[in-house]
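Each chain, written out:
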Amino acid sequence: MGRRAPARSDRWSTYETMTSFLVRRILGALMILLIISAVTFYLFYAVPRDPARAFCGKICPPETLQLVRHNLGMDEPLFVQYWHWLAGIFAGRELVQFGDCPAPCLGYSFATQEPVFGAIVDRFPVTLSLTFGASIVILAFGIVTGMIAAWKVGQPLDKIASASSVIGASLQIYFVGPLLAFYLVDTMQLIPRPSYVPITDDPVGWFTHLLLPWVVLSIIFTANYTRMTRSQMVEQLAEDYVRTARAKGMSNRTVFFRFAWRGAMIPIVTIFGVDLATLLGGAIITEQTFTLHGIGELAVRAVQNNDLPMLLGVTIVGAAMIVLLNIVVDVLYAFIDPRVRLT
Amino acid sequence: MTTVSWSGEPGTSRGPGPFLSVRDLSVEFSTEDGVVHAVDGLSFDLEKGTTLGIVGESGSGKSVTNLAILGLHNPAYTRIGGEIWLEDRELISADRATMEKLRGDRVAMIFQDPLTALSPFHTIGRQIGEVYRKHRGASKKEARDRAVEMLRRVGIPQPEVRVDHYPHEFSGGMRQRAMIAMALVCDPDLLIADEPTTALDVTVQAQILDLLKDLQQQFGTSIILITHDLGVVANTADNVLVMYAGRAAERGTVREVLREPRHPYTWGLLSSMPRLNSSVDVPLKPVRGTPPSLLNPPSGCPFHPRCDYPRLAGPELCFGQRPDISPETGHGDACYLTLAQKSELRTAQTEQTEDRTEDRA
Numbered sequence: 049m050g051r052r053a054p055a056r057s058d059r060w061s062t063y064e065t066m067t068s069f070l071v072r073r074i075l076g077a078l079m080i081l082l083i084i085s086a087v088t089f090y091l092f093y094a095v096p097r098d099p100a101r102a103f104c105g106k107i108c109p110p111e112t113l114q115l116v117r118h119n120l121g122m123d124e125p126l127f128v129q130y131w132h133w134l135a136g137i138f139a140g141r142e143l144v145q146f147g148d149c150p151a152p153c154l155g156y157s158f159a160t161q162e163p164v165f166g167a168i169v170d171r172f173p174v175t176l177s178l179t180f181g182a183s184i185v186i187l188a189f190g191i192v193t194g195m196i197a198a199w200k201v202g203q204p205l206d207k208i209a210s211a212s213s214v215i216g217a218s219l220q221i222y223f224v225g226p227l228l229a230f231y232l233v234d235t236m237q238l239i240p241r242p243s244y245v246p247i248t249d250d251p252v253g254w255f256t257h258l259l260l261p262w263v264v265l266s267i268i269f270t271a272n273y274t275r276m277t278r279s280q281m282v283e284q285l286a287e288d289y290v291r292t293a294r295a296k297g298m299s300n301r302t303v304f305f306r307f308a309w310r311g312a313m314i315p316i317v318t319i320f321g322v323d324l325a326t327l328l329g330g331a332i333i334t335e336q337t338f339t340l341h342g343i344g345e346l347a348v349r350a351v352q353n354n355d356l357p358m359l360l361g362v363t364i365v366g367a368a369m370i371v372l373l374n375i376v377v378d379v380l381y382a383f384i385d386p387r388v389r390l391t
Numbered sequence: 019m020t021t022v023s024w025s026g027e028p029g030t031s032r033g034p035g036p037f038l039s040v041r042d043l044s045v046e047f048s049t050e051d052g053v054v055h056a057v058d059g060l061s062f063d064l065e066k067g068t069t070l071g072i073v074g075e076s077g078s079g080k081s082v083t084n085l086a087i088l089g090l091h092n093p094a095y096t097r098i099g100g101e102i103w104l105e106d107r108e109l110i111s112a113d114r115a116t117m118e119k120l121r122g123d124r125v126a127m128i129f130q131d132p133l134t135a136l137s138p139f140h141t142i143g144r145q146i147g148e149v150y151r152k153h154r155g156a157s158k159k160e161a162r163d164r165a166v167e168m169l170r171r172v173g174i175p176q177p178e179v180r181v182d183h184y185p186h187e188f189s190g191g192m193r194q195r196a197m198i199a200m201a202l203v204c205d206p207d208l209l210i211a212d213e214p215t216t217a218l219d220v221t222v223q224a225q226i227l228d229l230l231k232d233l234q235q236q237f238g239t240s241i242i243l244i245t246h247d248l249g250v251v252a253n254t255a256d257n258v259l260v261m262y263a264g265r266a267a268e269r270g271t272v273r274e275v276l277r278e279p280r281h282p283y284t285w286g287l288l289s290s291m292p293r294l295n296s297s298v299d300v301p302l303k304p305v306r307g308t309p310p311s312l313l314n315p316p317s318g319c320p321f322h323p324r325c326d327y328p329r330l331a332g333p334e335l336c337f338g339q340r341p342d343i344s345p346e347t348g349h350g351d352a353c354y355l356t357l358a359q360k361s362e363l364r365t366a367q368t369e370q371t372e373d374r375t376e377d378r379a
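Residue numbers (the working numbering), protein chains in the order written: chain A, 49 to 391; chain B, 19 to 379.
Calculated directly from the structure, the hints in this document are not laboratory data.
Keep in mind that a hint or two might mislead.
Stated by the list, open to error - Restraint ranges, calculated between C-beta atoms of paired labels, are given here: (1) A:Ile208 x B:Lys158: 37 to 43 Å; (2) A:Leu219 x B:Pro175: 56 to 62 Å; (3) A:Thr65 x B:Lys159: 28 to 34 Å; (4) A:Lys207 x B:Leu302: 50 to 56 Å.
Stated by the list, open to error - Derived lysine to any residue pairs resembling SDA-like cross-links, with alpha carbons at most 20 Å apart: (5) B:Lys158 x A:Val303; (6) B:Lys158 x A:Thr302; (7) A:Lys207 x B:Ala94; (8) A:Lys200 x B:Arg114; (9) A:Lys207 x B:Tyr95.
As the structure is a computational prediction, the values presented were derived from the model and not from experiment.
Idealized CB from N, CA, C, for every residue including glycine.
Sequences are here, hints too, so could you generate the full structure?
Here it is in structure tokens:
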């Protein structure tokens with residue numbers, strides 16, 4: 049008992065831990081991004097297709113091919129090329145084929161000749177809106193239905209919620225998407241055809257035009273969160289500390305929402321951090337399904353066109369998003385569970 | 019010292035009877051494998067300001083009984099029968115709102131493992147304070163002040179600082195003190211302590227038991243102390259109830275049960291307990307066998323498969339017919355052997371042990 053308690057109430061030390069945690073996590077994230085970009089770079093050259101030949105056209109004399117290679121900066125050793133690409137992000141670079149490219153420079157698309165960074169910035173809001181909105185739908189619906197099921201455990205409402213979650217989990221975006229679009233947009237004309245309206249121009253339009261993609265993207269995930277919330281709540285409700293709360297005279301509602309809920313949220317936040325990557329993958333399929341011009345569409349096209357700069361750019365931005373959101377999740381985690389220290 | 023008294027007709031309105039009276043309590047759980055008779059026909063009384071020790075092996079129904087007093091069993095798979103009278107109120111038939119008002123206010127409970135029994139997500143101060151807010155309608159500020167006062171009362175140093183800490187920042191003994199503070203925040207009339215010292219080391223155990231005794235003397239709280247440690251009972255309880263397979267095996271004052279135990283099971287419990295004054299070479303004699311399954315309890319006396327003398331009371335009696343506890347009040351036990359037989363067996367047993375002790379000395 050001589051152990052001194054850590055000074056939790058000391059605000060100073062809490063902020064200090066938080067700062068050092070963030071600095072360390074961001075440095076770690078940069079390291080991860082460096083590795084991802086290097087691997088992507090290398091993998092691209094492992095694919096036996098030559099972008100220079102595509103540029104050069106059908107009839108391509110060796111001299112011209114050589115020239116195109118030089119212009120694209122592809123006649124240099126691989127690691128030099130990678131170094132140029134990396135340096136371009138921070139210092140900008142001069143490209144023979146495309147001219148000046150100010151920092152942050154991710155190069156120019158081989159296929160469309162547009163600057164990669166600009167293309168991504170243009171399309172980023174679409175993907176961000178899609179993922180963000182779908183996350184809200186997933187968490188709100190998944191957790192609420194899961195809570196209802198847990199509250200009414202064993203009763204008809206629980207069975208309905210559980211059954212519909214199984215059905216939801218077995219659906220696919222490219223099946224539900226067109227189906228819902230056909231009924232809700234074409235037949236019943238309840239909502240406009242999905243497209244992207246910038247939120248700054250027209251918030252209501254932004255909402256209504258993205259509603260269908262959000263719902264479709266979230267259907268499979270929501271089901272998962274319903275099941276998880278239900279089982280976590282049921283598990284937490286059997287915990288000793290919940291029994292203590294009951295023994296103190298706390299009402300069912302207090303026990304449910306103040307005690308068990310906190311415990312149930314911890315694994316859900318963890319899984320959500322992991323699911324973010326899958327969600328981004330789902331966003332690509334959803335963009336394809338509804339022809340939304342987001343990052344997913346860029347990525348698919350870059351792969352089809354063997355477009356290295358675009359592919360690298362999209363990969364790096366996607367990876368950065370996931371890494372960043374995972375840091376946010378970790379911070380959130382420490383807020384929910386006081387036992388977790390950010391170290 | 020009070021004696022255990024048996025009074026009150028079931029179902030009638032009650033005059034001045036014991037403070038707590040449990041009558042023919044039965045608790046059954048339906049499980050996938052069948053119905054478990056966790057408690058079966060249990061009766062006992064508790065007078066105001068006294069301590070009743072309930073002793074028995076794991077699964078003997080000690081905790082189940084006390085959770086039933088608080089109405090904490092899940093009604094979806096539990097069937098509870100009998101009566102539980104707290105002064106003039108019957109608790110088994112009471113509605114949820116009544117029970118919620120009672121819990122934490124008039125009847126409080128301390129659990130075995132304070133680490134899992136306290137919420138890891140809320141500060142100690144909040145967990146103590148919310149009981150006070152719920153039952154006394156106190157403001158946040160008042161509840162916090164009360165929490166600090168309670169922490170000081172149970173001997174936690176720097177209570178003004180500790181009140182804002184989380185359970186994981188407390189040591190085991192401190193956590194149990196905080197738990198006691200939480201149970202006592204509304205000055206309950208009845209405190210149920212479910213193995214409050216099992217998870218603690220011995221020195222802390224003694225501190226916690228002293229604390230409970232002090233608080234009882236100050237506030238006149240009645241205490242039910244559930245334990246499997248007869249040493250704890252000898253130190254703290256006025257009366258003892260020995261439970262076996264969901265039934266009362268023996269009851270009486272501490273002196274009666276520990277000095278002149280009558281039920282063979284109580285003998286077993288006592289001889290399986292190490293004594294400081296006996297030689298280390300004398301082997302402990304545990305009760306052989308394992309506790310019976312409550313899914314299919316043995317026929318007759320539930321203890322007969324582990325009893326050393328199942329044929330002494332007659333060739334078939336112990337196997338076929340279940341003994342009830344007798345007499346109605348005072349020192350009683352549920353065994354068919356006559357008092358003369360018991361005292362003879364007991365004397366023989368004690369001499370045997372002493373002989374062995376002398377042999378080795």
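For the pair supplied as a hint, B:Lys158 and A:Val303, is the alpha-carbon distance within the 20 Å limit? Measuring from Cα to Cα gives roughly 19 Å; hence the hint holds.
At the C-beta level, are A:Lys207 and B:Leu302 separated by a distance inside 50 to 56 Å? Holds, since A:Lys207 and B:Leu302 (Cβ atoms, about 53 Å apart) stay within the stated range.
If you draw a straight line from the CA of A:Lys200 to the CA of B:Arg114, is it 20 Å or shorter? The hint holds at about 17 Å.
For the hint 28 to 34 Å, verify it against the beta carbon of A:Thr65 and that of B:Lys159. Since A:Thr65 and B:Lys159 have Cβ atoms about 29 Å apart, the given range 28 to 34 Å holds.
Lying within 56 to 62 Å: is that true of the beta-carbon distance A:Leu219 to B:Pro175? 59 Å, holds
Pairwise hint evaluation, B:Tyr95 against A:Lys207, where the allowed Cα distance is 20 Å at most: 18 Å, holds
So if I understand the rule, the pair passes when the alpha-carbon distance is 20 Å or less; does B:Lys158 with A:Thr302 pass? 16 Å, holds
Falls inside 37 to 43 Å, the C-beta gap from A:Ile208 to B:Lys158? Between A:Ile208 and B:Lys158, where Cβ atoms are some 40 Å apart, the hint holds.
A:Lys207 and B:Ala94 were given as a pair; does the straight-line alpha-carbon distance stay at or below 20 Å? 16 Å, holds
Violation of the numbered hints given earlier is absent; every hint is satisfied by the structure.
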